[in-house]
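S.K.: So the protein sequences, as listed, match chains A and B.
Using my numbering, read the first sequence as starting at 1492 and increasing by one per residue.
Using my numbering, read the second sequence as starting at 27 and increasing by one per residue.
Hints should not be assumed to be uniformly reliable.
As the list claims (entries may be wrong) - Simulated crosslink set (BS3-like; lysine-lysine; CA at most 25 Å straight-line): (1) A/K1698 with B/K203; (2) B/K157 with A/K1651; (3) A/K1713 with B/K230; (4) A/K1688 with B/K158; (5) A/K1597 with B/K94; (6) B/K44 with B/K230; (7) A/K1688 with B/K94; (8) A/K1688 with A/K1548; (9) B/K230 with A/K1756; (10) A/K1597 with B/K203; (11) A/K1551 with A/K1692; (12) A/K1574 with A/K1541; (13) A/K1698 with B/K230; (14) B/K226 with A/K1698; (15) B/K157 with A/K1688; (16) B/K203 with A/K1715; (17) B/K44 with A/K1692; (18) A/K1692 with B/K154; (19) A/K1692 with B/K158; (20) B/K226 with A/K1597; (21) B/K157 with A/K1641; (22) A/K1493 with A/K1713; (23) A/K1641 with B/K80.
If you are wondering where the hints come from, they were derived from the structure by calculation, not from laboratory data.
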Amino acid sequence: MKIVAGIINAAEAEYFSARADELYFGVPQIENHRKWYDWQHIRNIRDVEKIIKIAHKNGKKIYLAANEMYRPESYGRLVKSVKQIAGLGVDGLIVRDVFLLDYFNKEGPPLDLVLSSTAVCFNSKSLDFFAQFNVSRAVIPQHLPPEECKHVLAGNRRLKYEIFYFPDCFCPNIDGICPYHDINKVKNPRNCNFSFKINGKTCRMEKPSGSARRGMIYDFYKLKVDYIKMARDGGFKEKKAVFGNIKRMLELLEGDISRGEFVLKTGDIM
Amino acid sequence: MERALIVNDDWLKAHGGKTPGGFDSLYYGDEFCQVKIPGLGGIKKAARNLPGKKIILLTSVLTQEYLKRTVRTIREGFSGGCLDEVVVNDIGLLHYLVNKPDVKVAINIGRVLVYTLGFSLRSPFFIKMFKKRKIDAFEADSLDSFGYLRTKSALKYNLHAPYRYLAQTRFCGHTQKFNGGCDRHCGDDVRPVISGVTDKMFLKGNVYLKDNSADIARIRGSLPAGRIKRLVFCL
Chain A
1492 MKIVAGIINA AEAEYFSARA DELYFGVPQI ENHRKWYDWQ HIRNIRDVEK
1542 IIKIAHKNGK KIYLAANEMY RPESYGRLVK SVKQIAGLGV DGLIVRDVFL
1592 LDYFNKEGPP LDLVLSSTAV CFNSKSLDFF AQFNVSRAVI PQHLPPEECK
1642 HVLAGNRRLK YEIFYFPDCF CPNIDGICPY HDINKVKNPR NCNFSFKING
1692 KTCRMEKPSG SARRGMIYDF YKLKVDYIKM ARDGGFKEKK AVFGNIKRML
1742 ELLEGDISRG EFVLKTGDIM
Chain B
27 MERALIVNDD WLKAHGGKTP GGFDSLYYGD EFCQVKIPGL GGIKKAARNL
77 PGKKIILLTS VLTQEYLKRT VRTIREGFSG GCLDEVVVND IGLLHYLVNK
127 PDVKVAINIG RVLVYTLGFS LRSPFFIKMF KKRKIDAFEA DSLDSFGYLR
177 TKSALKYNLH APYRYLAQTR FCGHTQKFNG GCDRHCGDDV RPVISGVTDK
227 MFLKGNVYLK DNSADIARIR GSLPAGRIKR LVFCL
C-alpha cells in the first residue's frame, strides 16, 4: 500500500516527497474540498511550479485537487487554470465533477484522473459510470466499509483504489452529499462536530471508534487497496507524526500480523 | 398538480396499511436508507391494498448487494406491470437503467443525486443522457437544488415538502456498524433537533432534514406555471 501525502507548502513537499509515494495539493483558484481552509492552498503559481519540481526531483507524482462541483459559468476559468498547472507538469487531477471528467478525458491535456470519494461511488455500476471517463483510480468513500466493498473491488481491478487514513479523517455523514457542511453559509467547517439535543438529550453525529477505523485499514490492506491518503490538515509537526503512524501501520501489515494484534498494537493511535 | 406521499413498510405498518386521502401517488421506499426499499412483494401488496394510487419506487444510494436487489425489483416490477416510475438517487442505478432500453421505467432524478451531481447536470454529457432516455423529472427541495438544473428547459420538478435534505449517514450509532444487522432501531419518526448550527432541523432514521416551508413559496413563485409536476410530502 502506497502513501499519498497532502501538502500545503514547499517545506512539506521536500519532506514528504522524500518519504511518501505520491503528493497532492490544492490551489485557491480551483475550489476544492477544503473551501473552508484557505491556508491549505498553495497560493502562488510560482510555488505550485516549485512543489511540482520538488516532487519530480524525488521521482514522485503529484496531483491537483479539483474535487468540488463547479458552476457552469466558471468552467472556462477552471479549465484554463488546470491547463496552466498541467503545463507546469502536474501528473493528474482528483475530481468528481462530470463536466471536468468528460472535458479532460476528451480534450486533454492527458492527465491521470482520480475519482474523489465525494463522487459517492458505492457499487460496481457507479464505477462503470465513471470508468467511461477513463479514471485511473477511485478513492473509496469512507462510508463504504471493506465488507461491503470487496465484491466491487474484485469486479474491477483495472482501476487502482485508495482509502483515507481513517484515524485522522472520517466524516460522520456521507461526504460529498452533505449540504449540512455549509448550511449556514458561514466559514465553519465543523458543523458536524457540534452537539445537539433530541428530546432534551445531548447527542453527537457518530463515527466509528478508533479501533474500528484501524480495523478497517487492516481489512482494506488485505483487499489489496493500493493507496492510503494523509489529508492536508494539521500543522507540519502533527503531519510528520501522522505520517510516522501510517508508516508504522504499514510495517506491521507487511509483517503478516493478525487483525486483532494489529488493532491492539496500534491502540496508541487514537 | 399531483400530490404524492412518501411511505415505507414501517410507515404503512404504523398506519394500519392505510394512507390519508388527497394523494394521487405513493413514493414507496426510502431516499436515504437502502434497507427500507421494498421488494417486489411489497410493491404488489401496496398496489393491491391501496387501489387507485400510483406506486413509485423510491430508492437511495446503494451498496452492491442492494443495487442487485433493487435492479431485480425494478425489472420484475416493470415486466409484471406494477411499476413504471422510479426515483433514482444512485449514479450506478442511473447508469444501469439508462443502458437497459428494455426496462422502460420512467426515471426521476432524486434529490440526493441532484445534489451529488450538482451543476454538472447541465453538462453536455447529462443533457445528452437525459434526452436519450427521456428523463425530464427531477426531485427538488430547496432553492439550491433548483439552482443546479437548467433554468430554461422543459424539465419538470417534483417539489418535496416540508423537509429539505441536509445529511445522511450509513454508520448506525445503535449497532456501531455500517448497516450491519440492521434492526430498524432508528425507526421512522421525525424528531426535532435543537442545534446551534441551524434551526428547524430534524432527524429521521439516518437522515438529517430541515424545514423548507419558507423556500416552498419562493420556489413556486419563481417557476413558470406547469413546471412543478408534483408536490411530494413526508408526514
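S.K.: Indicate, hint by hint, whether the structure satisfies it.
M.R.: Hints, one by one, checked against the model:
Restraint check for A/K1698 and B/K203: the C-alpha separation of about 9 Å stays at or below 25 Å, so the hint holds. Between B/K157 and A/K1651 the alpha-carbon distance is near 33 Å, which puts this suggested pair outside the 25 Å criterion. For a cut-off of 25 Å, the pair hint linking A/K1713 to B/K230 is broken: about 35 Å separates their Cα positions. Between A/K1688 and B/K158, the direct Cα distance comes to roughly 47 Å. Violation of the 25 Å bound is thereby established for this hinted pair.
Taking the CA atoms of A/K1597 and B/K94, the gap is near 31 Å; set against the 25 Å cutoff, the hint is violated. Between B/K44 and B/K230 the alpha-carbon distance is near 21 Å, which keeps this suggested pair within the 25 Å criterion. Annotation: proposed proximity of A/K1688 to B/K94 is violated, straight-line Cα distance about 38 Å (limit 25 Å). Straight-line distance between C-alpha atoms of A/K1688 and A/K1548 comes to about 53 Å, which puts the hinted pair past the 25 Å bound.
Proximity of B/K230 to A/K1756 is assessed by CA-CA distance (about 38 Å); at most 25 Å being required, the pair is judged violated. Our distance criterion of 25 Å between C-alpha atoms is broken by A/K1597 and B/K203, whose separation comes to about 41 Å. About 50 Å separates the Cα atoms of A/K1551 and A/K1692, which puts this hinted pair outside 25 Å; it is violated. Only pairs whose Cα atoms come within 25 Å are accepted, and A/K1574 paired with A/K1541 is accepted, the gap being roughly 17 Å.
Restraint check for A/K1698 and B/K230: satisfied, since their Cα atoms lie roughly 18 Å apart, inside the 25 Å limit. The hinted pair formed by B/K226 and A/K1698 meets the criterion: a straight-line CA distance of about 24 Å does not exceed 25 Å. Using a Cα cut-off of 25 Å, the hinted pair B/K157 and A/K1688 is violated, with the two alpha carbons roughly 46 Å apart. Taken as a hint, the B/K203 and A/K1715 pair is honoured in the structure, with Cα atoms around 22 Å apart against an allowance of 25 Å.
Between B/K44 and A/K1692 the alpha-carbon distance is near 33 Å, which puts this suggested pair outside the 25 Å criterion. A distance of roughly 50 Å separates the Cα atoms of A/K1692 and B/K154; the hinted pair therefore is violated under the 25 Å criterion. Of the pairs offered as hints, the one joining A/K1692 and B/K158 is violated, with about 51 Å between alpha carbons and a cut-off of 25 Å exceeded. A distance of roughly 45 Å separates the Cα atoms of B/K226 and A/K1597; the hinted pair therefore is violated under the 25 Å criterion.
Among the hinted pairs, B/K157 with A/K1641 is inconsistent with the structure: their alpha-carbon atoms are about 35 Å apart, more than 25 Å. As the CA atoms of A/K1493 and A/K1713 are separated by approximately 14 Å, the hinted pair is consistent with the 25 Å bound. Simply put, A/K1641 and B/K80 have alpha-carbon atoms about 37 Å apart, too far for the 25 Å limit, and the pair is violated.
Violation of the numbered hints given earlier is confined to hints 2, 3, 4, 5, 7, 8, 9, 10, 11, 15, 17, 18, 19, 20, 21 and 23; the remaining hints are satisfied by the structure.
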